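Chemist: What follows is each chain in one-letter form.
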Amino acid sequence: MFSIRPLVAAFCLSALAPLAMAGGSHGSHGDEATPNIGQPGVAAQATRTVSITLYDNYYEVDALDVKAGETLHFELKNEGALLHEFNIGTAPMHKNHQREMRKMVASGMMTETGMVEMDHSNMPGMEDMKHDDPNSILLAPGESGELTWTFSGDAELEFACNMPGHYQAGMVGEFSSN
Amino acid sequence: MRFSMIQGLILAIASLGPIGAMAGSYDLVIDEQIVNITGKDKKAMTINGQFPGPTLHFREGEDVTINVTNRLDVDSSLHWHGLLLPYQMDGVPGLSFDGIKPGETFSYQFPVKQSGTYWYHSHSGFQEQEGVFGPIVIEAAKREPFKVDREYVVMLSDWSDETGEQIFSNLKAQSDYYNYSQQTVGDFFDDVKASGWGAAFKDRLSWGSMRMMPTDIADVSGYSFLMNGKAPQSNWTALFEKGERIRLRFINGSAMSYFDVRIPGLEMTLVQSDGNNVQPVTVDEFRIAVAETYDVIVRPREDKAFTILAESVARTGYARGTLAPREGMAAEVPELRERPLLTMSDMSMASMGGMDHSNMAGMEGMDHSNMAGMADMKGMDHSNMAGMADMKGMDHSKMPGMENMEGMDHSKMAGMAGMEGMDHSKMMMGASSANSDYAPGSGLAPEAANGGKFLVYADLKAQVPFANYREPDREIELRLTGNMERYFWSINGIKYSDAEPVHLKLGERVRIKFINDTMMMHPMHLHGMWMQLDKGNGRFNPLKHTVNVAPNTTLTVDVPVDALGQWAFHCHLMYHMAAGMFRKVIVEEAVVETAAQ
Numbered sequence: 001m002f003s004i005r006p007l008v009a010a011f012c013l014s015a016l017a018p019l020a021m022a023g024g025s026h027g028s029h030g031d032e033a034t035p036n037i038g039q040p041g042v043a044a045q046a047t048r049t050v051s052i053t054l055y056d057n058y059y060e061v062d063a064l065d066v067k068a069g070e071t072l073h074f075e076l077k078n079e080g081a082l083l084h085e086f087n088i089g090t091a092p093m094h095k096n097h098q099r100e101m102r103k104m105v106a107s108g109m110m111t112e113t114g115m116v117e118m119d120h121s122n123m124p125g126m127e128d129m130k131h132d133d134p135n136s137i138l139l140a141p142g143e144s145g146e147l148t149w150t151f152s153g154d155a156e157l158e159f160a161c162n163m164p165g166h167y168q169a170g171m172v173g174e175f176s177s178n
Numbered sequence: 179m180r181f182s183m184i185q186g187l188i189l190a191i192a193s194l195g196p197i198g199a200m201a202g203s204y205d206l207v208i209d210e211q212i213v214n215i216t217g218k219d220k221k222a223m224t225i226n227g228q229f230p231g232p233t234l235h236f237r238e239g240e241d242v243t244i245n246v247t248n249r250l251d252v253d254s255s256l257h258w259h260g261l262l263l264p265y266q267m268d269g270v271p272g273l274s275f276d277g278i279k280p281g282e283t284f285s286y287q288f289p290v291k292q293s294g295t296y297w298y299h300s301h302s303g304f305q306e307q308e309g310v311f312g313p314i315v316i317e318a319a320k321r322e323p324f325k326v327d328r329e330y331v332v333m334l335s336d337w338s339d340e341t342g343e344q345i346f347s348n349l350k351a352q353s354d355y356y357n358y359s360q361q362t363v364g365d366f367f368d369d370v371k372a373s374g375w376g377a378a379f380k381d382r383l384s385w386g387s388m389r390m391m392p393t394d395i396a397d398v399s400g401y402s403f404l405m406n407g408k409a410p411q412s413n414w415t416a417l418f419e420k421g422e423r424i425r426l427r428f429i430n431g432s433a434m435s436y437f438d439v440r441i442p443g444l445e446m447t448l449v450q451s452d453g454n455n456v457q458p459v460t461v462d463e464f465r466i467a468v469a470e471t472y473d474v475i476v477r478p479r480e481d482k483a484f485t486i487l488a489e490s491v492a493r494t495g496y497a498r499g500t501l502a503p504r505e506g507m508a509a510e511v512p513e514l515r516e517r518p519l520l521t522m523s524d525m526s527m528a529s530m531g532g533m534d535h536s537n538m539a540g541m542e543g544m545d546h547s548n549m550a551g552m553a554d555m556k557g558m559d560h561s562n563m564a565g566m567a568d569m570k571g572m573d574h575s576k577m578p579g580m581e582n583m584e585g586m587d588h589s590k591m592a593g594m595a596g597m598e599g600m601d602h603s604k605m606m607m608g609a610s611s612a613n614s615d616y617a618p619g620s621g622l623a624p625e626a627a628n629g630g631k632f633l634v635y636a637d638l639k640a641q642v643p644f645a646n647y648r649e650p651d652r653e654i655e656l657r658l659t660g661n662m663e664r665y666f667w668s669i670n671g672i673k674y675s676d677a678e679p680v681h682l683k684l685g686e687r688v689r690i691k692f693i694n695d696t697m698m699m700h701p702m703h704l705h706g707m708w709m710q711l712d713k714g715n716g717r718f719n720p721l722k723h724t725v726n727v728a729p730n731t732t733l734t735v736d737v738p739v740d741a742l743g744q745w746a747f748h749c750h751l752m753y754h755m756a757a758g759m760f761r762k763v764i765v766e767e768a769v770v771e772t773a774a775q
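Protein chains in written order, with this note's numbering: chain S, 1 to 178; chain U, 179 to 775.
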């Protein structure tokens, strides 16, 4: 069955807010203090390489163990027919990001299968809508990608796809710190 | 046999063993017995002594044999709603087979080629209304595109203390027999106060000429609404542990009732409709037409009870159950919301053909603000409208969809001296109606109780795009027609007993254009083949077995014709079907034509 592992790491998040690296650049964020989720890493310094396949609409794995300070190099492949994301963040961060992704889909700049090339610079309220956070990667059907991340060990993190509805349908896994 | 007698089964993960050579055998006995559902003993029809019938658990790829024994003193049948199978196994007396005679057993045998949530019911007389129905759950051969910890069937139904025969004969004798909320003489005087004598009178006049009343949302009431066979006070309960993802398989097994479904405090992520996976869409509320199914995932993160509420669309009552961490808990049950009133928007112009406007005098107070769907007003003859001396007060500002008014002949409208004040400036010319499934201004268009997201059909996108998506080869127009007062329901104005069958060719792709000329919603159900609901999502158009066609709207579906035989195609409102809103569809091999001149 799908086990949900209890997370050991439970730190005070707000005190570490100034260290935040990856709050994202979508604009229109909520005002919750951003926790220290870690930072982008250098692939060459990674302690481990983890390969994860993305399907419609789930990840091959449900949970991953990471240690504080560890740098993981993720090799990701989307074997599904739909666009998926691999995003490292806390549950509230994912929730905010889902709101933005919904907006992007509703505006037509993103469909269920990919990003649409268009100029948003003149669209009011959409000027800074783009999908370029360092803690996240979007993969079109059949596409592969990489992401390297150094974990702080200071936040309860999940890897998640924030395409509308995918998280709720179960396309989310937990990073557990042991 | 694998009947689940208890509803709360914990989802067993598919075993990793090889699939194939699976053959399940099931025995079902249709009988009658006394049940007490609402506090009153009443004879019900049962299956294996249960009401509703037991949940049938199949596995995709399984060859099933279902032996159905009829212990009633009349013919019976079972139809596997939404299943793709040889037509002889579809269970419609007169089309698939002869029915099951009293005392006899019929063995249905077919391969299970699909997965998801479906249901089964009698296709004989009004037996479905009296208890001959139950859920079907088909486990997928492959991993599903979502992840859940538990699952429950939530079957909604309507229960009457009368028999189906009694209800139908009451309707035939007096169509508004069950309209308990008719507007009264008192309402009329309220309207007079609000809109003036002329308007109030004209309003009644036009409803009268439609043979409809604004409160005709559902034609039968006096129902109790049940969740898995339990009345609201019996509080059907589904258990969970906080943090779990729970799949709820909603099935509307009602004879006549639509529901608006919500779980206050929880969002629902819809992942399947009519047995077919859809891309997950998170909503606060959805409407389920008769015979539709919707699977949703909810994730309660608190250790408390939540009410599962299914209000009848006409707001005559609700089915109710509880999601709870422990037995015996209950959450607040919100008050029923106000019943909707049909508006002029729900009145199709086509069905107004017979309206006589020649005596309309004193129209100064008329509010046309909600008139929609007037795309083609060319044919309207206003030549005899007299006495419209002062139309200044008419507000057309909110009339949408009036794309094609250039041909209107007002030249003979007498006495229209004072039209200069008419404000057409804000008419929404051809503007889209934000994906609504209802005519703009319709009294039936739903809103979420919490102001949030209410599902619309355009939100349903197939999880897997359809491989052979293409333009249809041809189009068939089906006008849904009826006369409420005489309780005639028909297609293209012709009832089933007088109609020619619809002929389709194997391999063709046919677009069916439903035009609802009536003021009621009709859940149209095609047996044996999918309908691809066209809401502009192209190859992601979802596959459905039942589609709701709202009053005064047009809905198109594409049918990939892939199953030989003769199939039923009908409105799933039981008494509309009985009255004749039904067609036989015959699918034949495409004949290669020779070049004979």
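Everything labelled a hint here was simulated from the structure, so no lab data went into it. Values in this document were obtained by computation on a predicted structure and should not be read as measured data. Heads up, a few of these hints could be off.
So the derived label-pair ranges between C-beta atoms look like this [claimed, not checked]:
#: 1; chain 1: S; residue 1: Thr49; chain 2: U; residue 2: Ala768; range: 54 to 60 Å
#: 2; chain 1: U; residue 1: Ala645; chain 2: S; residue 2: Asp132; range: 43 to 49 Å
#: 3; chain 1: S; residue 1: Ile52; chain 2: U; residue 2: Ala627; range: 36 to 42 Å
#: 4; chain 1: S; residue 1: Glu146; chain 2: U; residue 2: Val769; range: 53 to 59 Å
#: 5; chain 1: U; residue 1: Lys683; chain 2: S; residue 2: Glu75; range: 47 to 53 Å
Glycine included, every Cβ here is placed at the ideal spot set by N, Cα and C.
Chemist: Kindly confirm whether 36 to 42 Å is satisfied by the beta carbon distance between Ile52(S) and Ala627(U).
Modeler: holds (40 Å)
Chemist: Between Lys683(U) and Glu75(S), does the C-beta distance stay in 47 to 53 Å?
Modeler: holds (50 Å)
Chemist: The hint says 54 to 60 Å between Thr49(S) and Ala768(U); measuring C-beta to C-beta, is that right?
Modeler: Check passed, 55 Å falls within 54 to 60 Å.
Chemist: Quick check: does the Cβ-Cβ distance between Glu146(S) and Val769(U) fall within 53 to 59 Å?
Modeler: Taking Cβ atoms as reference, Glu146(S) and Val769(U) lie about 57 Å apart, which means the hint holds.
Chemist: How does the Cβ-Cβ distance of Ala645(U) and Asp132(S) compare with 43 to 49 Å: does it lie in that range?
Modeler: violated (34 Å)
Comparing the model with each numbered hint stated earlier shows that hint 2 is the single one that does not hold.
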